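Colleague: If you want the building blocks of each chain, they are given just below.
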Amino acid sequence: MIPITTELAGIAARVRAATVQVQGRRRGTWGSGVLWRPGVVVTNAHVVTGRSARVETADGTVHDARLLATDEGQDLALLAVSTELPPPALARDEPRVGALVVAVGNPLGLSGAVTAGIVHGRLTPRRGPPIILADLQLLPGNSGGPLADVLGRVVGVNTMMVRGLAAAIPCEVVERFVERAA
Amino acid sequence: MPASASRKTGLEQLSDDLAAAVERAAQTVVAVNGRPRIAASGVLWRAGVVVTAHHTLRREEDLTVTLADNRTVPATVAGRDGATDLAVLKLDAPGSAEFADGAVKVGHLVLQVGRTGSAGHSASLGLVGAIVGPWRTWRGGEIESLIQLDLAIHDGFSGSPLIDTSGKVVGLNTSGLGRGVALALALPVPVVNRVVDGLLAKGRIARGYLGVGLQAVEVPAALAAKFAPPARSGLIALTVDADGPAGRAGLQLGDVIVTVAGQPVADVRDLFALLGPERVGATVVLTGLRGGAPLELKVTVGERPTQ
Numbered sequence: 087m088i089p090i091t092t093e094l095a096g097i098a099a100r101v102r103a104a105t106v107q108v109q110g111r112r113r114g115t116w117g118s119g120v121l122w123r124p125g126v127v128v129t130n131a132h133v134v135t136g137r138s139a140r141v142e143t144a145d146g147t148v149h150d151a152r153l154l155a156t157d158e159g160q161d162l163a164l165l166a167v168s169t170e171l172p173p174p175a176l177a178r179d180e181p182r183v184g185a186l187v188v189a190v191g192n193p194l195g196l197s198g199a200v201t202a203g204i205v206h207g208r209l210t211p212r213r214g215p216p217i218i219l220a221d222l223q224l225l226p227g228n229s230g231g232p233l234a235d236v237l238g239r240v241v242g243v244n245t246m247m248v249r250g251l252a253a254a255i256p257c258e259v260v261e262r263f264v265e266r267a268a
Numbered sequence: 067m068p069a070s071a072s073r074k075t076g077l078e079q080l081s082d083d084l085a086a087a088v089e090r091a092a093q094t095v096v097a098v099n100g101r102p103r104i105a106a107s108g109v110l111w112r113a114g115v116v117v118t119a120h121h122t123l124r125r126e127e128d129l130t131v132t133l134a135d136n137r138t139v140p141a142t143v144a145g146r147d148g149a150t151d152l153a154v155l156k157l158d159a160p161g162s163a164e165f166a167d168g169a170v171k172v173g174h175l176v177l178q179v180g181r182t183g184s185a186g187h188s189a190s191l192g193l194v195g196a197i198v199g200p201w202r203t204w205r206g207g208e209i210e211s212l213i214q215l216d217l218a219i220h221d222g223f224s225g226s227p228l229i230d231t232s233g234k235v236v237g238l239n240t241s242g243l244g245r246g247v248a249l250a251l252a253l254p255v256p257v258v259n260r261v262v263d264g265l266l267a268k269g270r271i272a273r274g275y276l277g278v279g280l281q282a283v284e285v286p287a288a289l290a291a292k293f294a295p296p297a298r299s300g301l302i303a304l305t306v307d308a309d310g311p312a313g314r315a316g317l318q319l320g321d322v323i324v325t326v327a328g329q330p331v332a333d334v335r336d337l338f339a340l341l342g343p344e345r346v347g348a349t350v351v352l353t354g355l356r357g358g359a360p361l362e363l364k365v366t367v368g369e370r371p372t373q
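If you read the sequences in order, they're chains A and B. Take any residue in the first sequence, count from 1 to its spot, add 86: that is its number in our numbering. Take any residue in the second sequence, count from 1 to its spot, add 66: that is its number in our numbering.
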């Protein structure tokens, strides 16, 4: 059996390959994004402030990305990026409480940084979509990046910290947004 | 490259094991509705008995407990002990927790499983950072051993079980023993059992009480020699409850206590150690200093109020 740390490094590399760095047009707004479909990147609406953004994919290429759609209420934005990179697998089921998850993003401008933890629970606000809470630390710049399970499948899009927990928009909510917008 | 169900990767197996452990333990994790806003967690420790953290119970009337199946049932307080931050509730509910056979070791992976309302259970992962003890809590409780955790503290997790990776309970989590310091601590199962036994039998854990607020002070060299063995430090009375045991015996503000029952008290902890349940009602001799002159008082030890 492959040692767990080696495995974790492999998963981190796979998730990093699908993670992009997003720079909004206004100075100082930057975050992460995840390649959702071929040529389509999902990020947080609060990361993109204009009609376009500068996106750096994992292969180091810098793209001028056009804003396709945005949903301020759900804090989601969709960008068109001309890249050949393949999108990652998406998790079909919601992760179980206690399951291991990894977050990849660009906290403090560090490209492709990985943090690991477990699924803490699910938050169902009175208004708005449900949220996955993960017991791991997100930093500014992690916004818009992927939360993935131990098979490297994306389970959600990291958004912010809520009471010391990482909040992520579940895959199915993102998928519905992408369906509507694309 | 998704692995097939038959051949899981080590990491996938670990992830599944953790989720299964959480689900197994969550069956006996309850939400205790005993304070405004967020509920605290509790464990069905024995049949019809829930253990939770004392400091989270803000009321004893209209207490309810939300079970794993989302039913909410009434509960009554069987006893509480502020010194170890434990409270025991009685209720009509099936099931009780499974406990681990051995003790946890430093470095073991552990999980907290909380329930803070009707939205299901939640979990945190960390590891055993240290096992310390015997330890005396700031409220005078004697704890044989205490588990210190390397783990993030979350709202509503006091009173939740600490479990091992198989889902068995190894301790009870509380943030109430750190005296405002954000320390993730858990009481091991044997400690909780001892207190639960006492609370179920008598409703409280009796502890000796003098009714004074004390602070350690250095005894000047010239005065230290008046004691045998010479006393380097003692406890100065900063507050005295006039109606308390020491107040009634004549202790005054500014008096310095140097020995209690023949034992030197250089620190408040030394005094706590001398005020166990067996001292309640007993008469002890206090020696010390008042304005530089020797002082001797006979005090009948009272019982520490529960709060």
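Note that these hints are calculated values from the structure, not bench results. Some clues are possibly wrong.
Each pair of labels, with its calculated beta carbon distance range [stated by the list, open to error]: (1) ARG245(B) to SER168(A): 40 to 48 Å; (2) ARG212(A) to ARG101(B): 16 to 24 Å; (3) ALA185(B) to GLY146(A): 39 to 47 Å; (4) ALA155(A) to ARG101(B): 49 to 57 Å; (5) LEU225(A) to ASP128(B): 24 to 32 Å; (6) THR130(B) to ARG178(A): 15 to 23 Å; (7) ARG213(A) to ARG101(B): 20 to 28 Å; (8) VAL172(B) to ASP179(A): 44 to 52 Å; (9) MET246(A) to TRP201(B): 34 to 42 Å; (10) LEU193(B) to GLU261(A): 52 to 60 Å; (11) LEU196(A) to ASP307(B): 41 to 49 Å.
Here are some, though not all, of the chain B residues that point toward chain A, as calculated from beta-carbon distances under 8 Å [to be verified]: (12) GLY195; (13) ILE197; (14) GLY199.
All of these numbers come straight from a predicted model, not from anything done at the bench. No residue lacks a Cβ here, since even glycine has one placed at the ideal position from N, Cα and C.
Colleague: Work down the list of hints and note, for each, if the structure agrees.
Modeller: Consistency of the hints with the structure:
Evaluation of the 40 to 48 Å hint for ARG245(B) and SER168(A) yields a failure: the beta carbon distance comes to about 59 Å. Separated by about 21 Å at the C-beta atoms, ARG212(A) and ARG101(B) satisfy the suggested range of 16 to 24 Å. Look at ALA185(B) against GLY146(A): about 43 Å separates their beta carbons, and that is inside 39 to 47 Å. For ALA155(A) paired with ARG101(B), a C-beta distance near 44 Å fails the hint of 49 to 57 Å.
Our hint of 24 to 32 Å for LEU225(A) and ASP128(B) is violated, since their Cβ atoms are close to 42 Å apart. Evaluation of the 15 to 23 Å hint for THR130(B) and ARG178(A) yields a failure: the beta carbon distance comes to about 37 Å. One distance hint, 20 to 28 Å for the beta-carbon pair ARG213(A) and ARG101(B), holds here, with the actual separation near 26 Å. Separated by about 35 Å at the C-beta atoms, VAL172(B) and ASP179(A) break the suggested range of 44 to 52 Å.
Roughly 38 Å separates the CB atoms of MET246(A) and TRP201(B), a value that falls within the hinted 34 to 42 Å. Range check, LEU193(B) to GLU261(A): Cβ separation about 35 Å, and the 52 to 60 Å hint is violated. Our hint of 41 to 49 Å for LEU196(A) and ASP307(B) is violated, since their Cβ atoms are close to 57 Å apart. Interface hint status for GLY195(B): violated, as the beta-carbon distance to the closest one in chain A is roughly 16 Å, over 8 Å.
Interface restraint check for ILE197(B): the shortest CB-CB distance to chain A comes to about 22 Å, outside 8 Å, so the restraint is violated. A distance limit of 8 Å between C-beta atoms decides the matter here; for GLY199(B) the minimum to chain A is near 27 Å, and the interface restraint is violated.
In the structure shown, a violation is registered for the earlier hints numbered 1, 4, 5, 6, 8, 10, 11, 12, 13 and 14, in ascending order.
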